[in-house]
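K.L.:
Following the hints, put chain B in place on chain A, whose structure we already have.
There are 2 protein chains.
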Amino acid sequence: MKDILKDFTINDEFFGRYEHLIKDTVIPYQEKVLKDEIPNVEKSHAIENFRAAAQKIETGTCDGEFYGMVFQDSDVAKWLEAAAYSLAMFPDDELEKRCDDIIDLIGRAQHKDGYLNTYFTVKEPEKRWTNLQEAHELYCAGHMMEAAVAYAKSTGKTKLLDIMCRMADHIYTHFIEEGAEGYSGHPEVELALMRMYRYTNNAHYLELATHFVNTRGVDSDYFIKESKKRDWKVWGNDASDKEYTQAHLPVREQTKAVGHAVRAVYLYTGMADVAAKTKDESLVNACKTLWDNITECRMYVTGAIGSAYEGEAFTKDNHLPNDTAYAETCASVGLIFFARKMFELDKNSKYADTIERALYNCVLAGMELDGTKFFYVNPLEVIPGISGEAKTHPHTLPQRPNWFACACCPPNVARLLSSIGKYAWSEEGNTLYSNLFIGGTLKLSEKQGKVRVETNYPYEGRVEYIFEPSDRKIDMSLAIRIPYWSESTSIQLNGKKAEYVVKDGYAYITNTFITNDKVTVEFDMSVKRIFARSNISDDSGKVAISSGPLVYCLEGMDNEGDVLGLRVKKDAVTSVKEYDKDILDGIVPLTIEGYRIRKSQSLYSLERPKADACYLTFIPYYAWGNRGLNEMRVWIPEME
Amino acid sequence: MKDILKDFTINDEFFGRYEHLIKDTVIPYQEKVLKDEIPNVEKSHAIENFRAAAQKIETGTCDGEFYGMVFQDSDVAKWLEAAAYSLAMFPDDELEKRCDDIIDLIGRAQHKDGYLNTYFTVKEPEKRWTNLQEAHELYCAGHMMEAAVAYAKSTGKTKLLDIMCRMADHIYTHFIEEGAEGYSGHPEVELALMRMYRYTNNAHYLELATHFVNTRGVDSDYFIKESKKRDWKVWGNDASDKEYTQAHLPVREQTKAVGHAVRAVYLYTGMADVAAKTKDESLVNACKTLWDNITECRMYVTGAIGSAYEGEAFTKDNHLPNDTAYAETCASVGLIFFARKMFELDKNSKYADTIERALYNCVLAGMELDGTKFFYVNPLEVIPGISGEAKTHPHTLPQRPNWFACACCPPNVARLLSSIGKYAWSEEGNTLYSNLFIGGTLKLSEKQGKVRVETNYPYEGRVEYIFEPSDRKIDMSLAIRIPYWSESTSIQLNGKKAEYVVKDGYAYITNTFITNDKVTVEFDMSVKRIFARSNISDDSGKVAISSGPLVYCLEGMDNEGDVLGLRVKKDAVTSVKEYDKDILDGIVPLTIEGYRIRKSQSLYSLERPKADACYLTFIPYYAWGNRGLNEMRVWIPEME
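Protein chains in written order, with the UniProt record's numbering: chain A, 1 to 640; chain B, 1 to 640.
Pulled out of the complex, with its shape left as it was, chain A reads as follows (with noise of 0.2 Å):
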């Protein structure tokens, strides 16, 4: 399957507003923020940590010290990537300069083994490969071998590449050839190998990558042993906690989402492109189930994971409280991840479904509109007093801060949303996949020519797409996901029905399509109400709002304040429902019948408390916090 990057020039209102934040706030803000230049603000150390290893390496000793996280790395290696995905849509020689200025740190900070590390490398020379429980070593490869592979795409430049290259092969020999045990507390160096393989075709990627996804939880104590024969620690955790970093099973006997969330998608993303690369039955099916298991008992509406501030985890099915969730948007990347390799195993409609909840909610959620701040946690209800401030909601802050001394949320919103095409397109043989409704042009392979898309999704259904092949003509299959929410879809081909064929939630419309031909789509965009299964506490007796990809929430700003004493009403229509360009960078609020509960002076009362009617303010939920503190809530009582 082709990765598209530099083939969809995006033209769209709704992602080109994200493209340019990204390139013009984001990406420099970043870059700022690893450099240590932006005052007031957690300083990152990230870019002196590879100048401190350079040196060490070049002189034998270093000035500075290694400061932040263990996995301080990962973030230039995530901003890198970023930047690459940016350099493919908006070519800018000072940025790639300046890239190119790292990456030149970065091999000055490698070993001549081809060991890769700061933290190791400045601060515990002797320890290399003895703490994989918590050291992020592989982890912290991983991400680089990602941004190597996108910047190599996207500027044909090979030096992080190569870089790369020698860390996995010193990788190859220290768990290969020499045999050494483990595997990596926080998985992402499989599905980092295989972005590798798949880009170099050197095979010895795809044995380490299939290795490391065999061995996970065949000795579940691994963890244990190593911590016993070690004396050193990161932070301590508990390596009993084998759920935690998903060792608690060989990976094909795991069939419940567990433990660390983001490590969980990660990690499955991995086996899925294993999985998709060997064809192992057993390895398709574990994925399979796991992906169920999320989807269908441990995903919040907004497509959100993680119910647990404790340990940033899954808990058990059906458990999504909405004000503690953790929820941390890279989580939901890394679910966008996954499934899009589960797409690569079948061709189904739910898997892109479910990259249009977490992308179009929890994920540009974790940004603030203008860019510059972030949540890592994505409450689905906050309540000011409470959010952010009881010993039981420290996570759950009710504003975005500033920056984070764990920073790893900020670059993997940038890079997935500057690599956006990835997700809204695939072309496998001659039919081409379109999962996200984003307005653009798309280079199809082998110089075919061209699909143009039109569309102001996701504020309004009707995406058009038309055609422009090299040669006038080209056969083909177009194939156009119909997202499970939209329960009326019609498919024109020129004015004309369609014709097509509906499989797996895709409409395949297979035809011969001449210049200009346009395929236009409306999809069902009324605004729907969204029950949870009866045995989801939280949500019981409540509805969720939402207009196409898009869930609604309330927020006090709008509503007098007041969003716990309102409920909507049963069976209410939506008076209001326009795009407003001047309201947070333009959205369509829905105006809706319900009623206000007058606030009792009593804690509990035997009275019914009065009910007034009124109209209740919606916003989309990604557009949320973005005005000041004030309650939100997703899930709304309803009342007749």
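None of these hints come from the bench; they were simulated from the model. Incorrect hints may appear among the rest.
[As the list claims (entries may be wrong)] No farther apart than 16 Å at their CA atoms in a straight line, the calculated lysine to aspartate or glutamate pairs in the EDC-like style are these:
hint	chain 1	residue 1	chain 2	residue 2
1	A	Lys-256	B	Glu-389
2	B	Lys-610	A	Asp-571
3	B	Lys-610	B	Glu-640
P.N.:
Just chain B now, with coordinates in the frame of chain A:
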């Protein structure tokens, strides 16, 4: 105010069962636990600790070691207090002999200077009074003082009282005469010293109680300084968490109930008792403010308090999660203590309303109906598979375990239930307050005669007071609490409407009562819906069901295994409400119209799930969890 103890003879179906259970099962069982005589139960060693301490004092050395919590001594104290109350009701020479033996042993474990604490005597003899933050010395002393007063009142024997007077004198010397700084990390000694003072009239004890109340939080860094001075710890609790120990502000400036909930209400009880004696208005006001904060913003409908497992603590106003509540049994016992002292300050029915709420719901639920198993934690919703299993729910066990390493709650329930007369009645001058409605006979003070109560409360609303004055007539007021839930109450004197004045929730019937005069009260026991204030997120759109003082719940057991899918029909009528002696030791189950939501396949659906009309069977909350593992829920969504 007279302390009712031996003067009330219970003859009551509901509480009679409990009094016998405490006497026949709980007290003997707990005695065996304290003596390590129950196999397969967490070893207590509490009596052995006293034996070791006695041996050490007598010989300078000991064979055994200290075992258990640093406050293990208090388990013996609370048991002795419960035994004392039981002996007052049910004289029992053998039990009294065994108590005397334990008291002899306690006496032998006391140092010549009066100091008594087996942890320090056996384990840390050099470290007395160096860790007030964690080491519970004053707390253990307080509990033993309470036992001493109870035992003296009940048996007339003063040996334990003498022991504890020497300990109190020792504390007085240390903190007052020698001017040692500090106060107890776990309040308790304050209220205990007040009991000692009220029984002995030794002004030093009032002075000492007042001292501990007045110094608390004045130097709010005291525990931080103390922890820096010492080189040892019990658990290493964070001394800078000042709210945990209610040491963040001088007590008169505290306006919110914060920190460890048991500590908080024990402190407030001591504060209220000091205030009642000293008439210190600023202290009275602080108590009232804290009372209102708890009961209007931080209390569950079951009378449970403490919303968070983290720190076993209060959290923030209006934060009352049902499934993750800490809601410790001991905290509700402490709330009852606090309420009783507030009643002394302010003859308002809201205090006894809260005693009743906490007693009939949270506290009774703390004990298995057979008296052998206990809950620490009393959640308002339990979901097998999540409760007690998810990392977020380690504390909310769905069934009562056998015994706890930290055995604070069982003896606390025992001492409360075996002294229930104290909470039922209060005599002030010639006014007799009837606060709880329990059948039995009360001897009036100064040999004025008796009042007999006949009732089947809480399952019937009729309460009869029959007067038996010694001199055939008596001038007095009977002040009957009109519970907040009784929306229509009739009061008759000898079959005719009685004349009475209602003030602050009490009906005062002032009369010259003659022999066999009968006051008959009929409370409104109809089934009620309780609505939480609209800003309580976890209860929004839901109702709780009650009848009289009893809050009801749904258990899966009675409802086809399903509770989360059930809805109460708005304005449904109760179709069955009949006492059934064969269920759960005799309850009135309620059958109420409702709906069962069909469980959908998918986690989220756009289609409104079908709802089937059905009958819901409710049982009193106090009886939940007695029939094996199943779902339980107090707050149920309403549906039209």
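K.L.:
Now tell me if each hint is right for this structure.
P.N.:
Outcome of the hint check:
At roughly 15 Å between alpha-carbon atoms, Lys-256 of chain A and Glu-389 of chain B fall within 16 Å of each other, so this suggested pair holds. A hinted pair counts as satisfied when its Cα atoms are at most 16 Å apart, and Lys-610 of chain B with Asp-571 of chain A qualifies at roughly 15 Å. Taken as a hint, the Lys-610 of chain B and Glu-640 of chain B pair is honoured in the structure, with Cα atoms around 13 Å apart against an allowance of 16 Å.
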